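These are the residues of each chain, in order.
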Amino acid sequence: RKEVEQDPGPFNVPEGATVAFNCTYSNSASQSFFWYRQDCRKEPKLLMSVYSSGNEDGRFTAQLNRASQYISLLIRDSKLSDSATYLCVVRDTNAGKSTFGDGTTLTVKP
Amino acid sequence: SAVISQKPSRDICQRGTSLTIQCQVDSQVTMMFWYRQQPGQSLTLIATANQGSEATYESGFVIDKFPISRPNLTFSTLTVSNMSPEDSSIYLCSVYLRTTYTFGSGTRLTVV
Chain H
1 RKEVEQDPGP
11 FNVPEGATVA
21 FNCTYSNSAS
31 QSFFWYRQDC
41 RKEPKLLMSV
51 YSSGNEDGRF
61 TAQLNRASQY
71 ISLLIRDSKL
81 SDSATYLCVV
91 RDTNAGKSTF
101 GDGTTLTVKP
Chain X
1001 SAVISQKPSR
1011 DICQRGTSLT
1021 IQCQVDSQVT
1031 MMFWYRQQPG
1041 QSLTLIATAN
1051 QGSEATYESG
1061 FVIDKFPISR
1071 PNLTFSTLTV
1081 SNMSPEDSSI
1091 YLCSVYLRTT
1101 YTFGSGTRLT
1111 VV
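Heads up: the sequence lines are chains H and X, in that order.
Heads up: the first sequence is residues 1 to 110, going by my numbering.
Heads up: the second sequence is residues 1001 to 1112, going by my numbering.
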């Protein structure tokens, strides 16, 4: 079993749709969580950190469930420009180690 | 977040040759990370480059194949040695600074 597992996707949704991705992790010592976005042929870039109480940034909402060891990303009112691969990142601060998920590909269509 | 300059952005190399990739960071960082990303796949950590000590390699990667230099806190190089077509991939450097991973723009390597 992988340390970090994401919905395999791909997700193909129409503009305006709401889409949610999940990511589960196996290391209970993980302390920091992030969602990164990677556009085709580009490097990954931070989308948002995930806080224990959940956090929102515009159309994007991230949540953390420590008991079940998963994080989620909700995108509301999808735009064509949201098309990308979304990577879940889990960090064990004490070990100084981060693990990247395999990514979930989202395509938003007109 | 940090700003990373990575070069070359792409190269086409003959098998059996070597390519050195450079990353320059605008901030001093203790560790720099080198990743490989095959098309359509996620990031695979090759090694962690520490200033003043040997790099730490992940399982499946060895120093003879991927020698790393880290002469100071803002610069690192990764060499892909004795290349074969299987080494064709995107190579990325990264730093973790102020709770954010920042990546170089990547080097797209094709070995023919």
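Be a bit skeptical, because a hint or two may be false.
Capping the alpha-carbon separation at 20 Å, the derived lysine to aspartate or glutamate pairs in EDC-like fashion look like this [unchecked claim]:
# : chain 1 : residue 1 : chain 2 : residue 2
1 : H       : LYS2      : X       : GLU1054
2 : H       : LYS79     : H       : GLU56
3 : H       : LYS97     : X       : GLU1054
These are calculated hints, taken from the structure and not from any lab test.
From a predicted model like this one, the values you see are computed outputs, not experimental measurements.
We went through each hint and held it up to the structure:
1. LYS2(H) x GLU1054(X): 28 Å, violated
2. LYS79(H) x GLU56(H): 17 Å, holds
3. LYS97(H) x GLU1054(X): 17 Å, holds
The structure does not agree with numbered hint 1 stated previously, though it agrees with all others.
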